[in-house]
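Produce the complete structure using the sequences and hints provided.
Which chain is which? The protein sequence lines are A and B, in order. Using our numbering, the first residue of the first sequence is number 1, and each one after it goes up by one. Using our numbering, the first residue of the second sequence is number 352, and each one after it goes up by one.
Calculated from the structure, these hints are not laboratory results. Since the structure is predicted, the reported quantities are computational estimates derived from the model, not experimental observations. We treat Cβ as the ideally placed atom computed from N, Cα and C, and that holds for glycine. A portion of the hints provided could be inaccurate.
As the list claims (entries may be wrong) - In silico contact screen, one side only, chain A against chain B (beta carbon under 10 Å); selected entries:
| no. | residue |
| --- | --- |
| 1 | 39 |
| 2 | 106 |
| 3 | 188 |
| 4 | 218 |
| 5 | 230 |
| 6 | 231 |
| 7 | 234 |
| 8 | 238 |
Each chain is listed here by its residues.
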Amino acid sequence: MRPRFPFSAIVGQDEMKTALLLAAVDPTVGGVLILGHRGTAKSTAVRALPGVLPPQTVVAGCAYGCDPGANGARCDECHAREARGERAGHRRAEVPVVDLPLGATEDRLVGALDLERALRHGEKAYEPGLLARAHRGFLYVDEVNLLEDHLVDLLLDVATTGENVVEREGLSVRHPARFVLVGSGNPEEGDLRPQLLDRFGLAVEVTTPTDADTRVEVVMRRDAFDRDPDGFSTRWLRADRALRRRVARARGLLPGITPTPGVMRRGAELCARLGTDGIRGELTLLRASRALAALDGDASIEDRHLQRVAPMALRHRLRRDPLDESGSTSRVARALTEVFGTTGAMDAVHA
Amino acid sequence: MREPADADALAAALADAAIALLGVAPEALGGALVVGGALECERWLAAARTVRGDAPWRRMPVGLTDDRLVGGLDVGASLARGGRVLSRGLLAEADGGTIALPRAADASVAVASALARALDDGVVRLERDGLSGEHDAALCVLAAAGPEEQEHVPAALRERLALVVTLPCGYEPGIDGDARADSGAHARIPLPRDAAAALVDAAVALGVESPRAPLLAGRAARASAALDQRVRVTDADLALAVRLVLAPRATRLPAQPGDTPDVVPDDAPRPAEGSAPPQRDSSSDGDGDTAAPPPGAAELLIDAARAALPAALLDGGTPPARSSAARAADGRRGAEQRDEARGRRVGTRQGHPRRGARLDLVETLRAAAPWQPVRRRDAAPDGGSGALLLRGEDLRVQRRVRRTGTTTLFVVDASGSAALGRLAEAKGAVELLLAESYVRRDRVGLIAFRGVAAELLLPPTRALSRARRALAALPAGGGTPLASALRCAAESVTQARRDGARIALVLLTDGRANVALDGTPGRARARDDAHAAARALRALGGLVVLVDTSPRGDPEARALADALGARYAALPVVTARALHARVRAMVDDDAPAAARRA
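See the structure below:
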């Protein structure tokens, strides 16, 4: 297998990279939706993520990679083990980034009867699926707008409850399944159902760079990688490692950062002006701003954090008036100007 | 490559060059898309196969199922062994070799996705039938399509196949199997920055959007240099790369030489602003201006591109961008499988495979597996044969769901002076319907007619963004070719029927046809043609609504409504909301009748 293209080596696309890092720092921000034309490094970025994710501690021998520290949210086997008084070992493991291919079947997603054991020994055993593998990690769906409806329904169910419940072939299994859902696609090939759209915490738009220099740099870097993948990866390893340290440190800072009442009020005002439905918009705005503050090493959430995350947190939550021609990003920018003054909008654009 | 005299000879030379390049750098280029007649494509593929020598070669048949492509449970072996046996799949078998895809336009989205992933990463992932794994699959994909089908080849695939060649009629490969160079050589040849810049400029000038394209062109240029056993990329290599990679993807004519170097409409900051001007080979061009980006090098390439631009672009300046029909097909394809039984697959249920229901083998095995020990004991108390004992209740079949929801097709009269307002309001109604469509799983489409013909401006879709784009510029004015519009509508209705949808046709007009089916003006013939087409449309069945936009209720419109068997609604002042409300009401009213018709 070829080495992955390094995350830090991706040219431009700052909004997309920031969104992914925010989700890495705080998974409760919600999923990340990346929309844009082909060739804009969408899947490259997601597949490069493992390089900047700090490893995490899992219970040794647990099929779901349960968190030894989490008290309530463990799988049945881990609970049983603890009840019996056994102490399970810990180990460090990479954060899983799992691909859900378009042609995947339902049984592979949720898990199913282990055919081999059933055919050979007549045993009924559960074989975990992709949702189990993605627990405490990322689940990536490329061309998410073309995903089959029944698979989308499954993902929505699990994302809401944080649990995968399997009732099939005489099996009755329940296990934790909390992951960051990342989807990418070209919106012109199909719209997302609003329920699925709402499921994503952050939505970013990627566009082809218009600046000729940037485009040339994209070609040069990719060319260098193609000719010497190992050498290229090594050269960018330092940058990736530095990012990884930032993410790790940000996670540590996260609990200590609280928003001031002023920031919360302005966030609510922003959402009110844009007419976002429900309070998920505000929650996401808040969590994302806090994650950004942590990532930047700041002690508190400031207006500038709010302004930078507003577009990605809110552009997909605006009530759509089909007869209104203006794009959602510009509506968010307008609202930012109204709440924060002109400097606000500028920051958002150049973030 | 010498400059051949005529277009066909040039096309043949390019096709030959493509074969040679694929012999040198098959995986770096990803592969090629050849467009031409079936016979010519086969000849090209055969020549490409010879050049690839001993490398694995797999031909992908039409209707290939996912498991054969990606790998999956080898059911026969599993049953025989009584345990799970994995079959590698076509992609893994072709690792280090080539996959030939002779009917690329028929490939499904899932197949294209798997190929795209393999081309990107060199692996194929397996996640089905209780199996999971990753196999190496470093591939070269050679796709072939007929000339009209080119746009229907899935976009995920076309994006990644570097070379695109059109085969002239009667093409014979002029290349022999010895034209191979050291396949590692191309990787060692550097791509200088100014060459990359020239390719990027050429791509921008030709309106090639994807950032991948100049990258693939760079690889093609290096392969070309390696073929001639040189160590540096020259202008000739770049020109060949532009012809093979960029020109076929062009969506606009490049600006004429003599224009300002800023061929990009949005003013990208030029390098003169901050960074140093790119270094250039003294051999690259004769233009001594080094302060601006190298217009000379890019211009040479653009000139080279002209010779290879698609004919449609040169004729009328209309971009051969993927027609909206093809883009729509991409979106639709993901949700449907090509199958005898109608509808899409949504899981399994217990049942017998009859009346068109297809057996789901793996689920059947799963249902039977836990019972084996018990059944074996019952069947042969002394131990059994080991074969799988199936009962009727184990059988599982695939569940299919027919698409629900309505396809509403607007047919709008864009002729005459009142047309612009009418069109705008129809567009508004389309968007309003689309806003609701996600709930009802509806689609909306738009045909406009004016002048001498009708045009399917928006093929039935659920995507609001595509609708906006397609409806952005609506031309108006001219004669009223009503018959042509009804014909076009009939085609769309037939197509939508094949997809299993309910149809509602909404015709906005004042009924006064004045252009006949063949385009000649004349009221009487136009009216006759229109009524004939109307009766043919009526025979297809389905709900038709005629919205009369004339100021005082035209008898012509009523007569047409009768011929169509349509519901008549008078709406002298057409507004988007009124139109939308009327259409919605009529479609809902018709629902029970439509259910009976289905």
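Hint-by-hint comparison with the structure:
1. 39: 4 Å, holds
2. 106: Since chain B brings a Cβ to about 6 Å from residue 106 of chain A, closer than 10 Å, the hint holds.
3. 188: 5 Å, holds
4. 218: 5 Å, holds
5. 230: Where the cut-off is 10 Å and the nearest Cβ of chain B is about 13 Å from residue 230 of chain A, the hint is violated.
6. 231: Hint violated; residue 231 of chain A Cβ to chain B Cβ min 12 Å, cut 10 Å.
7. 234: Hint violated; residue 234 of chain A Cβ to chain B Cβ min 17 Å, cut 10 Å.
8. 238: Hint violated; residue 238 of chain A Cβ to chain B Cβ min 24 Å, cut 10 Å.
Consistency with the previously given hints fails for numbers 5, 6, 7, 8, ordered from lowest to highest.
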